[in-house]
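Kindly generate the complete structure, drawing on both the sequences and the hints.
Chain by chain, the residues run as shown.
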Amino acid sequence: MRGLSLLLFITVAGEATTDLFVTVASLPPELEVSAAPAGTSPVTARHIPGPGEYGHPGIALARSEEEPAVPSTEDGESSHPHGGGGGGYEIVQWEWSYVKTPYIIASWLLVASVAKILFHCSQRFTTAVPESCMLILLGLVLGAVVLIASKKQTYQLDPGLFFLFLLPTIVGDAGYFMPARLFFDNLGAILMYAVVGTLWNAFCTGFCLYGVKMAGGIDEKVNAGLMDFLLFGALISAVDPVAVIAVFEEVHVNETLFIIVFGESLLNDAVTVVLYKVYISFVEAGPGNVYTADYFKGIASFLIVSIGGTLVGLIFAVILAFVTRFTKTVRIIEPLFIFLLVYLAYLTAELFSLSAILSMTFCGIGCNKYVEANISQKSRTTVKYTMKTLASIAETIIFIFLGISAVDKSKWAWDTGLVVSTLIFILVFRAVGVAGQTWFLNWFRLVPLEKIDQVVMSYGGLRGAVAFALVVLLDKEHVKAKDYFVATTIVVVFFTVMFQGLTIKPLVKWLKVPRSTNRKPTINEEIHERAFDHILTAVEDIAGLNGYHHWRDKWEQFDKNYLSKLLLRKSVYHKSELWEAYQKINIRDAISVIDQGGNVLTSARLSLPSMASRTSFPEFTNVTNYLRENGSGVCLDLQVIDTVPGAKIEEELETHHVLAENLYKPRRQYQSHYSRHFMTVGEKERQDREVFQRNMHNRLESFKSTRYKRHKKDRSQKKHKGSDAKEQDTSDKPRRNVSWQDRDPVVVPMAPEEDIHDPSEPDKDEDVGITFVARKAPETPKERPKSVPAALDACQSPVAAPPSPTCGEKNLPWKYGMGSLPPCVSVEANKIIPIDLQQAWNQSISSLESLASPPEPQHPRVSALSRLGGPVRTSANGKSGGGVGAGSGSNIGSPSSGQFKFPTAKEEEEEGALSQQQQELQALMSSLTPPPATQSAGKRRNPCVYLRSLVTVPPSGGEPQSRRPTQL
Amino acid sequence: MGSTSSTLLKIPNAEVLMQETGFSPAHIIRLHDRFKALDKEGRGYLCPQDFGAIKELAMNPIGDRIIGAFFSPGKETVDFSTFVKILAHFRPVDKDRPKEPNSPEPINSRSNKLKFAFQLYDQDKDGKISRDELLKVLRAMLGMQVTEEQLESIADRTIQEADLDRDEAISFEEFRKSLEKVNIDHKMSIRFLR
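Chains as they are written, first to last, in the UniProt record's numbering: chain A, 1 to 968; chain B, 1 to 194.
Because the hints were derived from the structure by calculation, they are not lab data. No false leads were slipped in.
Derived pair list, reagent style SDA-like, types lysine to any residue, alpha-carbon separation capped at 20 Å:
#, chain 1, residue 1, chain 2, residue 2
1, B, Lys55, A, Gln557
2, B, Lys136, A, Glu529
3, B, Lys55, A, Arg552
4, B, Lys136, A, Glu580
5, A, Lys560, B, Lys55
Spelled out as structure tokens, the structure:
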């Protein structure tokens, strides 16, 4: 949205921007620093490009000029904009002037984006060279091209554009996704570095430069006094958020280190703003007119700017959170609210000349928790992607324009003494400042900052576009040495971003700085860490210390009792954070297991038994690893593509099958790309679904393949039923359609099994053979056709299928369960099934039940899964090993025993008593019969075991759909 | 607070305590003051009721368990040295301290911190966190917001994740393993004021 507004704003180009400035300027500068000359509020001082700027307009302003644009690469066409405008009607009209502004902006964005693609072509290259360096280099090249083509630099990083549009996108992203807990845990250190550190840097650099000038180290031509140098010191001393984000995101230092440097770069904005404004006013007033009172006003101004900025941000955060409470009916504009209000927080702070970055940062931090809880999942994704996209593109543009601006020699004035001494001073004072402050902080810090951390912090003090924009804003009338300062700033920025950015990675490696891990906490860690928090709070209370945990607990109480009540939706308010965490972990694990499992299966179809032998538990440090290793034990139901249940189900089914056959293969090609997706964390929702689907397919295929292979070896096994497809081949599908439309199961006559088994069965039949069969109107289990049990009863097989919906009826696998995610069926299911899938899961179980014999009531696995209110103790049923293994594993050995009754059922099938879907399911399951039981029971990991073990559960009294262990 | 030396002298075994716990004299004095403040009747020991009088603790979901951790089984009182020793679990690990190879493991070591946390779960002291025990803690921490089924599924999941030997319970070893990646030194320490 901000992108749109950006385009909109710039479409009206300079006028709009200037209007805005005028509006701002015309407002009474309430918080104006005393000595500001009449008519120039601090805001205007910061944002209105000086008169000199209009001579070399930035990209926004350049376009607003009425005169024909200077020929350049970008708007070379503009040299003949009205060429065809003679007389009469033009068939094709050349409307360059009409589209010029957005056109150029879009072109720039395109160039920037394409540049990013190119940089990421080579993985090895990008790991060594930070993107920001490459972008600056690209900017230099582009700038040179423009310069050569037009003899005059047209484009430049325009401060107005930068502060109003580019910076907010980056800060908004940073603030909104700031890890709040980490930030507040280290708030003391961050504030210290941001305030004291920046002040220290500013004053030391300023005074020392002045000293060098006095000593003659800087050329005479640099016409600057003490105030000018202090001003320059102020703008050059602030660590730049854009540069820090760009460089540190690629370095992956540990999170504490990152948050300290990053937090500092954000929070020092208030200091920079105030210092800058105070000095500007001093410089403009002239050194003689500065009185002592002005210094105190400066300090007061600092307090107002910082605290005021924070307050504005927090107020907007509350408004935003409150608004999102009521967006339930208009989900589509939820992201818009977020972008607008966060941006408004920035603009409002600018309006009152408060610290806009502080305002936006705290707005983001403050609202995040409530907003994320209030808005829908899709909105969350939208916000995340949009913010990241905008921030990324803004960053790209900033760096490219930094490069381009550097080429513009007209604004340069080089003085080696100034440049060198500035570089030395900022490096030295940064290091000294960090060391001193850290020494002080470590008295109070629970976790002291090590020497290595200090080195990285000193070295990571990058300067960037903020400094550049500020120096460009200087008024040459008052600051005579502006050109020298601009040149020096450019060199400093380039040095820190390019040299330090390039070398910080090797440095971090060499120093062995603890890196951040991308590990997600396990449920154990979530629980125990929460317990730790409580423990620490209690211990602080007992020991009578009103320490950090005490206050954090106080805040959490307050938040829970008042804020959350006010800002959260009722439905959300009653959810527990731990519960949310639990669900997230569950879903994540399910996905990873399935993903891994799919790969394991497809890569090693025949090695299943050997895999089973590897399942001794102590080898795995945790269950997740264990599950990964044993992924083959997982089998899936198909996943939900679209969740709208409808009357048109038959047509959709047909479509689905057509699509499925065509889509699976392309999908599989992308399989390996999944885990390496560029946007790593959390953005997985969509992919998750695809993975479910993909792996389901893989798994089903591999089931079949194992089945066929086994049959090649051992034909005497009697359970093979699934090859009906082969027989019916082409006529099969139409028939199935009939069956779907039919409420009753269609009985498909089966050929005797011996005929069926054909090892040379073509591959395509495999797909058909597994086709899920469904009938329409499967919604309620009560509608379940009686014919199924009847048919089964008629067989008098010991199977005695319980009356429950058939597979086809209840689980249109790709379709059932409103809004529920794809269920997965697995032994390990009670570990990996996301809780919100459990309804679907139960449905699929119950459908399987209908086909199964009920020998083992309360099978541990299933009982765990379908546990209703009271806990069914996962009993001593066999070895606790694979769980499944125990019960069903033994059955594998002797197929005729226990629940494995399908062979007998087969005879009835020949009489045409069974529905086709049942046949198919049986085929599927029977095909999975493991090879003779060489393995010890409980070690088997063959999918079929699980399936069957699941199937063995007798239908519990409750309707399957009433079994909802959880509501979401 | 009085002058440092005089207060320190009044504390029995102050030297030994400092040796054992690593607290500084200032810490000990401060804790002693706190101890006396809690011990309203001046008996020289604390009862569970004394802890119960701490207002904030009443709001702590697992406050009772933490109070319980101060009392060794069967005992109804806690004296100052035990009080300090328990609190010493939460002293940050000091890296500067020279490591004497034959010295006993300090109270604030990682595994001692973990043991403290573990015993809060393991109320029946059988060395294992059973499902019921975990459920109780979860119920306390999650309050009324979560249904019983949800609690159970979390508990099941938790146990299955940590349970390496498949006995449906979490032993201390498993507990330690499940928290292997967590920086216990940071997360189970508080900064005692000097």
